[in-house]
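Asks: So the chains spell out like this:
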Amino acid sequence: MSEAQTMNTTMTPMLDVDNFTLGYTNAEGRLVSVLRDVSLQVAPGEALGLVGESGCGKSTLALAMMAFLRSGSQVQNGTIRFHEQDLFALKPKMLQSLRGGRIGLIPQNAGQSLTPTLKIDAQLYEALKLHSDLPRSQWRQRAIELLQQVRLPAPEAMLERYPHQLSGGQQQRVAVAMALAGQPELLILDEPTTGLDVTTQAHILELLRTLRQELGMAMVFVSHDLGAVARISERIAVMYAGEVIELGSSHQVLLQPTHPYTRALLDAIPRLDAEGLPPSLPGYPPKVGSITQGCAFAGRCPHAQPICSEQDAPLAALSGHQVRCHLAGELKRPASDSKVVQLPVQSSDEPLLMLEQVQISYHRQGLMDALLQRPAPVATVDGIDLQLNKGETLALVGESGSGKSTIMRAISGIQPARNGQIRLKQDDLNLPVEQRSKALKRRVQMIFQNPDASLNPRHTVFEILQQPLKLYFGLNHDACRDKAAELLSLVRLAPHYLDRLPGQLSGGEKQRVAIARCFAGDPDLILCDEVTSALDVSVQAAVLKLLKELQQQRGVTYLFIAHDLAVVKAIADQVAVLYQGRICQVGPVSEVFTGHHHPYTRTLLNAVLEPDPNHQPVIQGDDCSEQYPPARGCAYQRRCPLAEPRCKEQLPPWKTDGGNRIRCHLELDALATLIDRPQMIKAVNA
Amino acid sequence: MLKLILQRLAMALFTLLTVCVLVFSITEALPGDVCTAYLGRDAQGARLENCRQARNLDQPALQRFADWGTGVLQGSLGTSLKRDKPINDLVATRMRNTAVLALGAAVIGIPLAIFLGVIAALRRDRPADVLISGGSIFAMTIPEFVTATVLVLIFSIQLQWFPAVTTVRHNAPVSELLPNIVLPMITLALVMMAHILRMVRSAMIDVMASDFVQMARLKGVPFWRIVCLHALPSAMLPTINIIALTVAWLLGGAVIIEQVFNYPGIGTLMIRAIYDRDLPLVQAIALILATVYVLCNLLADLSSLALNPRLRTTR
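One line per chain: the protein sequences are A and B, in this order.
Just so we're aligned, residue 1 is where the first sequence starts under the UniProt record's numbering, counting upward by one.
Just so we're aligned, residue 1 is where the second sequence starts under the UniProt record's numbering, counting upward by one.
A couple of the hints might just be wrong.
Cut-off 20 angstroms, straight-line C-alpha distance, at most; resulting in silico cross-link-like pairs (DMTMM-like, lysine to aspartate or glutamate) [to be verified]:
1) Lys390(A) <-> Asp428(A)
2) Lys119(A) <-> Glu28(B)
3) Lys3(B) <-> Asp369(A)
4) Lys390(A) <-> Asp522(A)
5) Lys129(A) <-> Glu156(A)
6) Lys287(A) <-> Glu28(A)
No lab work stands behind these hints: they were computed from the structure.
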């Protein structure tokens, strides 16, 4: 990393952001600054990470590096120069040839950023037409080369596809290929792995690392995920409320963070190797434009002094890295600002939810299928046996398409199980939701992933909370109001929130309202579908803590879906690892994470990222997603590095090790020893 | 893909069959029958008997439906009561005239509406948009006979460029018809454009705000290439059904405009047939118009398939 520093000082920067201030006109017609006095440089070949939580301005800054402003925005001060040239002074024609040419972009959501009506070949050819000198006759050849370069299998066939025919990881690779078509010197990556599965994410990050070595491009890597940033960047700029508050090498920033915000942010990330819940950061980031004086973080800072809210903090150089904090010098010794939260488990042995041999299929055997005697396709979810005790949390983990949500839909009655038994104590949950009694519906409640979509934007918080209270308990208006205020205090929100609309709340506050609504029915079982994945890390820690506390107070049981294994480790008591709708491994969290692993569990754990530049995930197998589960044998047979012939024929037996149960043909000892042998680990491009 | 097209075709045939049954049963359900309706006050004695015998009305309804259905399948729509001629001959030229008029209006109106809709979307809330959107609403709200009258006043009476009413016979060659269709064509175009235009505008505004359009801009794709190649195909998807309904309306429903301009089209013929209580003719025209609607919707479905790869390909 010292290499990067020397490059920084000896070479003129390729990209120079100088005192850049960007404003936009808000709903009240006032010009507010979303970026304030941002100064940073990117040297040729260097990778800079831009991190921060939602709304901190990192994406706005990244897009400004391509001279792209959202409508209503304007440059208030400063410049962004690319090779000495002011980007905002360029003529439209010049800008067009720069964008997608010397400066390439890899977007956040490739699935939505590829034009849905054009085939992959047309979109690649367009990039070549605009940004290369190749004659038309060579486009196809070059497009195939590019697809090979991003390690896509069968590039010729890929050219003929439409974006929706590709998996998320493949779409992201196509987006990378498209950016490479312009032979960029600088690649801007705007949350390129957000929304991908852990394994796919590890593969894409590995690809980006390799490409950088091969092609020597500079990168600006924007992400909220410090683990992903740590994989790519040599230097990291931490942003808060439109300002760069800490800037230094990734070792300095991640391992010796100085700014209180950076520290709190790093502390709030759940880790696989830590016990209990991570400490949360109090409060929420300030609204854009609300801070005109003093340090933007002062309101949430545990070390804040009077000076912090009175004077703007300067960006002080501190042994090689820059920190925007009045107290930077005094806080230099990193001390853990807050402690990990440990809450005792209060589960009982009383079984609450039971699933026995549950089979779920979205396919319906139609008249034509019956007439032609076509066999039904393999069920989406099959052979699910789970038992959940009262007051416990069971987490379902697995990649997208692993059947986690399908199981939840079956329990909630939206997509009833085709075979098997689902029971809540003595009550039958096989019934579709329309046929369940009101009392039964009340006992099973759900919290959704995205509170923006699950709360009616035209209802006030009171109206949202009133509905279950009226429906289940028949309370009158005044009683509802009292009860609603009580529910809000339960989720740590003040009563004046009752008359707000969801649009006036922050993401974390909205999710709290959604939690309050769920508790309004006084349920026994709560289905939590990725409840924190739309939230920022600092808010996520607080919401996880809230859920855990509520469980202790109310004795509720959670069925938790998450893709983040560290989150699962922090909140769950039991965990079931699913692949293609089949359980691979199930047991108490402590034993599943530390004991023997199913090859698939191992793959997932190996792909987990840590916010540490020295940490390297191990990549196993390939990341191709499968469309259908195999008809017989082990569900994981196609991707398993240890697969044997019998895995394709016979359903593996359960192997038990205490409470930890693994469905695999191999002996447990064989699993423990074989899995880490280097030859078993396939490289990405094998 | 082929399976989808066959499904749509089967659906269309089924709809047409239902329409046949409906049209026939409604005629049956009317009080009296074809002959009492047609003969009116004279419906008694030998005339009524003769008429009934000539029309096979003494046969059971199912038998007559079978006969009528077979005729339709063989391409014969029956015989007109009043005119005592095969309905096919009556309908053919009128349908041709209406088609010429509708085609003209569609060829002018649809591309213009799409173009103006795109412009309005791109210049959202600016003068060009206000002018286009406002103007289209204005054109849509005024009843078409008022528009027609105003156009006649200006272009026929003041400027004397085009004839005010059609004076040629229904079976005149198309070349003779042409000067007569200009004014009805403009009127039709004005009335229909607003629906398409507004749909294109709102779809285009949505699409221009989408991630893939922003991505195309950040790839350095020139603006008009983004509009035409990346955005417009997606924006056309919700518009296709509106266009299909409009074309169907042009081919079958422009009754009032044909009346105002005394244009010898299918609408005028239908009005006459109703005045004359010529039920077999009404029945035939109803069937034709229903077929036009079904075909237009079928075309819309097929064009959606062509435009939207998500519909015609699977993962």
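Asks: Taking the hints in turn, state whether each one holds.
Replies: Going down the list of hints, with the structure as the test:
Taking the CA atoms of Lys390(A) and Asp428(A), the gap is near 17 angstroms; set against the 20 angstroms cutoff, the hint holds. As the CA atoms of Lys119(A) and Glu28(B) are separated by approximately 54 angstroms, the hinted pair breaks the 20 angstroms bound. The straight-line distance between the Cα atoms of Lys3(B) and Asp369(A) is roughly 15 angstroms, inside the 20 angstroms bound, and the hint therefore holds. For the hint pairing Lys390(A) with Asp522(A), the CA-to-CA distance comes to about 14 angstroms; that is within 20 angstroms, so the pair holds.
The suggested pairing of Lys129(A) with Glu156(A) holds, with an alpha-carbon distance near 19 angstroms, which does not exceed 20 angstroms. Restraint check: the Cα-Cα separation between Lys287(A) and Glu28(A) comes to about 13 angstroms, which is no more than 20 angstroms; the hinted pair holds.
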